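Each chain, written out:
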Amino acid sequence: MANNDLEQPIVRTHALTKQVNTGDQQLTILQNIDLTIHTGEAVAIIGASGSGKSTLLGLLAGLDLPTSGKVHLDDIDIFALDEDQRAALRGKILGFVFQSFQLLPALTALENVMLPLELMSVPNAEITARRLLDRVGLALRLHHHPKQLSGGEQQRVAIARAFATAPKLLLADEPTGNLDSATGVQIIELMFELNREHGTTLVLVTHDETLSRRCSRQLRMADGKLMQ
Amino acid sequence: MNHYLLSLRMLRRDWRAGELNVLVLALVIAISGLTTVGFFADRVGMALARESNQLLGADLLIMSSKPLPPHFAEEAGKLGLTISSMTKFPSMISNGDGNLLTEIKAVTEGYPLRGNIHVTSQSSTLASAYPEMRLAEGIPTPGTIWVDDKVMTRLDLKTGDMVDIGAIQLKVTEQITREPDHSVGFINMGARALINAQDLAETELIQEGSRVSYQLLVAGEMKAVQQFRELAQARLAKNQKIEGIRDARPEIKAALERAEKFLSLAALVSVVLAAAAIALAVRRFTLRHLDGCAIMRSLGASQKQLLNMYLSYFVLLGLIASSIGCLIGFAAQQILAHWLTDIVETALPWPTWWPAVHGMLVGLVLLVGFALPPVLNLRSVPALRVLRRDVGLPNAHSLWGYFFGLTALSLLFIWKAHDVKLGLYIVTGFICAIAVFGGLGWILIKLLSKLRHQAGGAWRYGLASIHRRAASSILQAVALGLGLMALLVLTLIQDDLIKDWHASLPPDAPNHFLVNVQTDQLQPLEEFFQQYGMSQPPLYPMIRGRLIKINGKNVSPQDYAENVQAERLVRRDFNLSWTDKLARDNTIVQGKWWKEDTQAAEMSIEADIAKTLRIKLGDELTYDIAGHHFSAKITSLRKVDWDSFRVNFFVVVPPGLLEEYPASYITSFYVPPKEGAMMHELVRAFPNILVVDVAMVIGQVQQMIQQVSEAIKFVFIFTMLAGFAVLYAAIAATQDERIYEAAIFRTLGAKREQLSRAWATEFAILGGLSGLFASAGASGLGYVIGKYALHLDYAFNPWIWLTGTSIGLIGVLTAGLLGTRAALSTPPLLTLRKIA
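Chains as they are written, first to last, in my numbering: chain E, 1 to 228; chain A, 229 to 1064.
With the rest of the complex left out, here is chain A (with noise of 0.2 Å):
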């Protein structure tokens, strides 16, 4: 047991002589970047998760076209969620002389589960688009309907009128100007009406036949929601479907799952960082704890007795320095979630305490892989060097002393990535890194130690230095050229993915789409936008066919039984078009584009849907247009960028092959929000076209993007921390080496001024090499992090070379000279005494 008093006594000792700066300071930082991250993108991806709820009006849907059985509703009962119900069906509502036909929404107590329902008692449709709007009292009490501005619009209603809905009269109490609904599609955004589910027998609307969608909302914990989730997937029948949030929405799902994974990314960042940190700072550590072994060894500790005392050592060390971490992780993400919340609408829910096991697990796993292998090497200190100081001395490290300690971070990073691609990539890019930068350091030291001799002064004894500490200095280039590739990946990678998402969702992204214009329409409304001062947006052709055959081989639905959502394709009609340029947001995956005047008939699918169908390149497909049948074959499968809100097909012609049959056109533009009138002009201008806003869905998502570029440059300042920590360890990794040094240089009459110069020049060789290093390896980790894991356009950046060159060169000289401060003005007698 003693052994374990004297680990104790050791670290209390080196602990207050400062000893351990450099690994203690190394650990806190990367285990308070990562627990900070950790905490607060728990929870922030939980409060997005909620936010995006709203959207959803429930934590979890279940829809079925048949009425749910009850199951569902008690088995959620009594996991202790909240349930509400939803019935929604397209039926016309009408008021004496006109009538529209409007989405349904028979609605019942409770409605909706997560957000609200807004409304607005201004009566005049002809005001502005955005009134004033408050939160509505729960639902429409029986006897009465809600409905939206599309409704009081084409029917020219105010409050207090009545409307027929089927059986019934109903009266309109409120103007509806934004609920949750999951299905913020445009097929769907028609007019909408909200009624009491109490009233929805007596309207007799709900027949055999009807197309009715009835909607199970569920909400609560989270884990709670969960288990339901699993428990309804079971027992899910074919008619039945669940929906989360993530299933619903692709545009939050992606940039949700972007984010997380680049805060995670960034968070590892840190824990790399804080590697090479350990690994810079524990040769000194090495260095100092020399002696004290070969004591104990003259004085009869076997091995076993040295390992077990370093390892509750070091065990010991990472606990406290883990625990500090995660202390400060902690009040960091409680100052970022207070400064936020200005941000962030919402309030942030408690984390949950993972974070901090993370921690504490990453922390220990870090001091014991970087440190102890080397440290390990001590209990094989000869003890005769207690008898002569020059023998003992450990060798540079072999990589293999870093084994468990690179085996040990890769597993972390692939699990904490929740992605095995991402996580080997880093991992493989890493690995690759530190070879090349390794073998290229060796070359480059070799070479500039061939040109010490033709160099004067200053620069002969940098470089003798850098050449007679050959080992150490390329370590020290290699931890240095990591951390800074490091740093520079994830801002070449932040700033993409911050511009990559503003770019997908400008200001000025399309938040109106116009369905439903006709041929004979399209010279009237371009003289419309031009009586605005607007030009025409660009419309699109539509042409409605059923898919027939594929190859010559009739399709039907049952071909795909087991798979609803491609039966639903195949029963229900496709959106055709035809273009001759390949729409910006769309990127071919597989085959060619076609040329300009082609004139064969030719087809380009979208990649995810040709999945579905199992359709391949070179199939040839059938459709079924208003009873003539037009056969093409696919040349090209595209994916398409669904998050930027504009009209995309899945099916699209080169011009000329579908001209003749019967189309109509559509279009996605931007109006400013003070330019409401317009639309209702439009509205009434154009009483067949279906206008569709989806400036609300866009403002929710535009917010939450803001939200998480917040999020993630706070993030980055911890990884920018964790980069300083290398640095700070770096250059105290040889500071008892230039202690001596300058005591002796010093001695032997050497002036401040030349000590400085020439360790100046070992600083700048030193920081200029990783500076390279760092350039050349972020440009190839970037490119394949970008491209293959985040998806997203990655443009090379030429900068790249002269940013990061120049931040090491300057970074390390600065940081060196200043830490080498003290060893200039410290007594060399002083010095000399103390090594003696």
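So that you can see chain E by itself, here it is in the shape it has in the complex (with noise of 0.2 Å):
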């Protein structure tokens, strides 16, 4: 593994607990979650459904709100940032692939890749585009627009998009759920290279257990309590 500092984290969370009101009862889907992912781990969040593992998810990315408890990114206090601070570090620190891997239908495979880069106003965006699509084997996909994609390509697109802005962290949900095994063979050797090559550190939910033992460690995860 090419990273340099393994005591350095990049996740912290403290007491991390969600519960929901479901009218009459109140309903605990996370409970004290207490988690540490360092710079460059590779960590794999496994369960059955309803475990409560994409729900963790959202919570590191901090595009859900926890009922108690923290989450650093970084070292920042996610839940102290407002919804528009807390959209600002996404973008400069995460990326995501999702099982369905959320392209916008309106734009080109080149323009989706583009997108994060350009919402952060960062310069040369299109030649960072070109040279992940080039990257993830689509240099003649790139003005194709995602519904002329087959689903690996569309999770391909997936990945350059989450790599174009060189996050620190990867979020990857289900990543191969939505395609078939060989081409969701193909999809992890693609996501683990550009890991590497990278540097970023990669947190993944998924179910299959093939998958999750490529990861450095495995969380396993059952009624919102994490089972180390």
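Rather than coming from a laboratory, the hints here were simulated on the basis of the structure. Be aware that a few hints might be false.
Unchecked claim - Label-pair ranges, simulated between beta-carbon atoms: (1) 77(E) - 244(A): 23 to 31 Å; (2) 678(A) - 189(E): 55 to 63 Å; (3) 244(A) - 83(E): 26 to 34 Å; (4) 699(A) - 192(E): 19 to 27 Å; (5) 566(A) - 83(E): 55 to 63 Å; (6) 85(E) - 976(A): 40 to 48 Å; (7) 699(A) - 198(E): 44 to 52 Å.
To be verified - No farther apart than 25 Å at their CA atoms in a straight line, the calculated lysine to any residue pairs in the SDA-like style are these: (8) 168(E) - 233(A); (9) 92(E) - 233(A); (10) 532(A) - 80(E); (11) 92(E) - 616(A); (12) 532(A) - 77(E); (13) 147(E) - 107(E); (14) 92(E) - 196(E).
Said to hold, decoys possible - To list a few chain E residues with every Cβ distance to chain A over 10 Å, as calculated: (15) 87; (16) 103; (17) 131; (18) 135; (19) 145; (20) 189; (21) 196; (22) 197; (23) 214.
Given the structure is predicted, the values throughout are model-derived calculations rather than measurements. In this text, a Cβ means the ideal position worked out from N, Cα and C, and glycines have one as well.
With the hints as a guide, bring the two chains together.
Right, dumping it as structure tokens:
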């Protein structure tokens, strides 16, 4: 691994709890999660459906608000920020790969990859985007819209987009969930390769045991609790 | 800068994918409707003004009882306006045996500036009353005189004869049949003659104290005329006054104003309809953009970035759609103008560009006001939606979201209706309607869904569907209801307006007046009418009297020095009459009409004149009638419909009060054109009776009404189209949900028929509800607008409930079933895959 400082934590959670009200009942989805992830690590969060892994991922990214507890990203208490500040932080240090790709249908492959760069007003967005699409093997599909791409190709675009801003932390939510197994394997290979090349920290949510074993650490979740 | 690019790309893609169809369609129809009306009203307005100006002979008149100072003519010349002048006075014309009091008009080169003099060379006066007419060339040359048929008949003249006028003799060269004149009131409708102004001095008829009207005729570019009017107004002396067509002809003024109001109303209704369509369509738009916003949020986009993006998106969309609308509007009005040229005699002037500017502005206001608020909620879509698709569905938009749009629309209404009152009525009407419809809709939907468990099959699913989409169902019903209401109101008013016009001037509207009929002539006149197979028209007694006291206090012209009209009224004689019945074209606005057998000294006075003279209900007026004083108390104020061309009096009293005073009689009646010879016979048989022929004026007014009616009907087509856009938007708004619903139902084994029956139930309820809303709203709003803004006698139409409800039900049902055909025939798997 190309990581140089294993001791520096990129993610720290403290007593992270999420509860929801369902009418008269209070449901605890996450309970007192204390978790530290260091720079350069590749961590898999595994668990059955409904175990709370996606909720955890959403809270780590600041996409959702906890009932109590804290999340520090790169030493910043993200829930002390407002929603716009969190969005800016996401743009700066986070990359996402989703199960359902989440490309903007209006934009071409190239434009989709350029989007986070343009939102951050990063110069030379197009050069970076072309380079990344070339890297994921889509040099000839730059001007295709998501509709014209296969599922595997769409996920490649999504991966290229995730790495476009050179994030410190990449969050992947079931990245192969919508792909057939052969394509899934290719996508995973690509993601790990890029992860190594960029020295990015990876947090991967999956229920695929084989996939999780490729990570340096596995965190198992059940009933909203972390079973280390 | 990059979000502009981004919004451009999004717009391009959404446009190509047809995502914007409804929004664009609604906007294009509204703007093309608005600009068609705008452009066309602009042109018709100008043409009507010009055509009406033909009656005036100019665009503007300056009149005075003293010779006009030269500065008026100089100023007009400086502004590039054409001028001409006319001196008008009464004088005797004689040919040896007979003489006749005639109104002489001495005119200069160029007269008339607007319209034409029509003459006929036919010398025989006993032939058809409508001989062939041709346009006169210029004006009478010095030494000649042109006279009308009355002079010809009374003095037994033929062309080439010489007549005496003042100190000179002139040769009759033409018989005038028609010339422009602003004073077509019957008092001035005696015999007329036209001479050259160069002969005027030699006649020696203009002496100190002569009753002369000096007139300066002005015509030219509308803007310059307006400018001149303002300049002249400022320098007007007390004995001078300005007259444009709107000052001179009350009946034309009334018709024009109503037409203008109605046309802008019709155009505005299409704007309201578009607003409704947009409000409906934007829901689907919002749903479709949820994901994109969530992704951008997760990628770090700030709310401000999203706001700017959508703002530029909508401004651009608004500009494009409004431009298309303006182009279509321009083309449509061109077609309309071309098609109507057969009806409108004159060529229409080129429109101004203002309607296009209005169109663009309204387009932007509509889109930004009604589409942006809910779309702006998108910027706060939780980014979590990228992980969990069930979060971030927008709630039913609160009405507050539309507050900006409604306010903008209200201001637009008030501005475009050129009438704060009318605008406020409509806006208040719509806002109340929204509130009431929304509340009623909610209650009805709650009640209906209670029935659901008792209902079977299709009904149950239809009701369930409405209940589940309660908020959007209410929104749909309210929008559809408003749309239909606007259409119904417009139909009602349009109908009433046209009917009212035609009723006030039916084909047999009186076209002749007989003035100065003496008491001993009543019997012979009746026999005369019988001879021609006509029943005698009602004769009204007329007694001349001068107002000398109000509440016992002497009045003199000096008391009204600040008001020329009032001063003139006091100086001149009033025509008083008696009657026991209130005339059909009169309405009491204050006080009460007298009882049939009243013995009291009562009096009813016309409301406008009462206001001019500062007379109130209950005041006692004293008139000097042939040296005797006659007093009576005012017990009612009347409004008189002067458009009707019927005999009307400012002051009337009950029978039994004035019979002892010397009276003459007056009447008006209709003579078909072919009976012209009868009028000549009448003139010979009763030489003292003044016959006034207003057939020409009536013809012109009738033709104008015809033109305006046609224009109104055409404009209505656009409003109908806008109505269809609302319908389309309402159906399309839930299309995605329906396609998904259909896929699930069919996967579970539902037959197409079962599904379409469930939907039919839903559409029928929705349509029936909106039809009901519309009928209720239209009855109320139509009454208010008709009565208070357009001053029509509005009759409640019970059929409207049936019509409105059935149109709503059938329309929505048909459109709904047609619109969901595609959803029914899409293979379920295809849909489910797409959604996944």
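Discussion item. Hint by hint, where does the structure go against what was stated? Just the numbers, ascending.
Written reply: 1, 4, 8, 15, 16 and 19
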